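Starting from the structure of chain F, add chain G where the hints point.
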Amino acid sequence: MRCTICKKPAVIKLRHANLKLCPEHLVARVEKVVAETIKKFRMFTPEERVLVAVSGGKDSLALWEILTKLGYRADGVYLDLGIAGYSERSREFSEAFAAARGLALRVVRVEGELGAGIDGLLRFARGKPCSLCGTVKRYLLNRVAYEGGYHVLATGHNLDDEAATLLGNVLRWEEGYLARQYPVLPGEGKLVRRVKPLLFLSEREVAAYCIISGIEYIYEECPHAVGARSIALKHVLNELEDRYPGTKLGFIRGFLKVRGRFEPPEPVELRDCPVCGMPTAAEGPCRFCRLKERVSHGAPA
Amino acid sequence: MATLKHRDKTYTVKPGATLERALRELGIIPETVLPVKEGKILPPDHRLEEDEEVELVDVISGG
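Each protein sequence line maps, in turn, to chains F and G. According to this note's numbering, the first sequence is numbered sequentially starting from 1. According to this note's numbering, the second sequence is numbered sequentially starting from 1001.
By construction, these hints were calculated from the structure, which means they are not laboratory data. Quantities reported herein were computed from a predicted structural model and do not represent experimental measurements. Ideal Cβ placement from N, Cα and C applies to all residues, glycine included. If a hint is listed, it holds; no wrong ones were tucked in.
Sample of chain F residues with no beta-carbon within 10 Å of chain G, all distances over it, derived: (1) 48; (2) 96; (3) 146; (4) 191; (5) 256; (6) 269.
Covered stretches of chain G, as calculated for chain F (at least 3 residues, CB under 8 Å): (7) 1033–1042; (8) 1053–1061.
Using 27 Å as the maximum straight-line C-alpha spacing, the simulated DSS-like pairs for lysine-lysine come out as follows: (9) F/137 with F/190; (10) G/1009 with F/13; (11) G/1040 with F/13; (12) F/69 with G/1040; (13) G/1040 with G/1014; (14) F/7 with G/1037; (15) F/32 with F/69; (16) F/32 with G/1040; (17) F/8 with G/1040; (18) G/1037 with F/13; (19) F/292 with F/137; (20) F/39 with F/257; (21) F/69 with F/8; (22) F/32 with F/7; (23) F/13 with F/32; (24) F/13 with G/1005; (25) G/1037 with F/8; (26) F/128 with F/292.
Isolated chain F (complex conformation) (with noise of 0.2 Å):
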């Protein structure tokens, strides 16, 4: 198997793609196809302060060494969840990562910000693991990116990732969740603006990329994400792949053009939350300080 581009050996086929590459090309595509997404849907500019949500995974390692190598100013933000094990692991991986190329990592300890992790909160809260720590997680990234004045914060969310939440969106008709899917959610008042420069790339790609530019990245799962709707998804989408190349990226692009179909929720009235001043839709305090004076009383969340 020869690349299509410089025909010396390939070791990766993208059929979606009708690509075969090298290393060297594989490389120099993702860095280009992020390059363009970030430029098509306007998401940052090179002299704004960029920070990337890292979890010791490939995805956001790779988006970090990309925005990195593409020339944006991009520090690194790791929230320790609290997990048993995996929390500690992804940490070493993304702390690694950092002290290698010099760059600059926070790290948050959910237990400091909240009084539990995701592990203690899970012993007396109702809904579901994968909800309740997306919210611990949205709250505490925004907030660590508007007190440390970027103007951006980056996720790793990829090709995989988007299409599975379609496709979840769909399957239940979730018509706000849709109108509201899109690469770049922006930025008002305290809420600093939300990013997917990965979008257009697949999860296998992202996978290359990482065991070719020798990025180490934790493989194990989230222990809690065992089971988890959205991998479900993800299979039954790389099922339709198989035979089918281009429908994740078919399901996404399409979508992108006939998003504007979908209403858009009624525009919800954001306050500052009385305890923590930052914004929320809620009449009272915000979810995050609910859960956290839930968890200083002990009582079910």
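Structure of chain G alone, referenced to chain F:
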């Protein structure tokens, strides 16, 4: 025999088969893994050799 390691499973495969064919016969969708040996990705047309060990790195993550 050649060995393919995928998560906590180990498969033995007859040497001579290409990786793509071996994956198909094991029911693994090639899109979901990257075959890696000594830190390098192996192409789908790589022919497995006697006693060769290949790790199948899962590319799906979620939650």
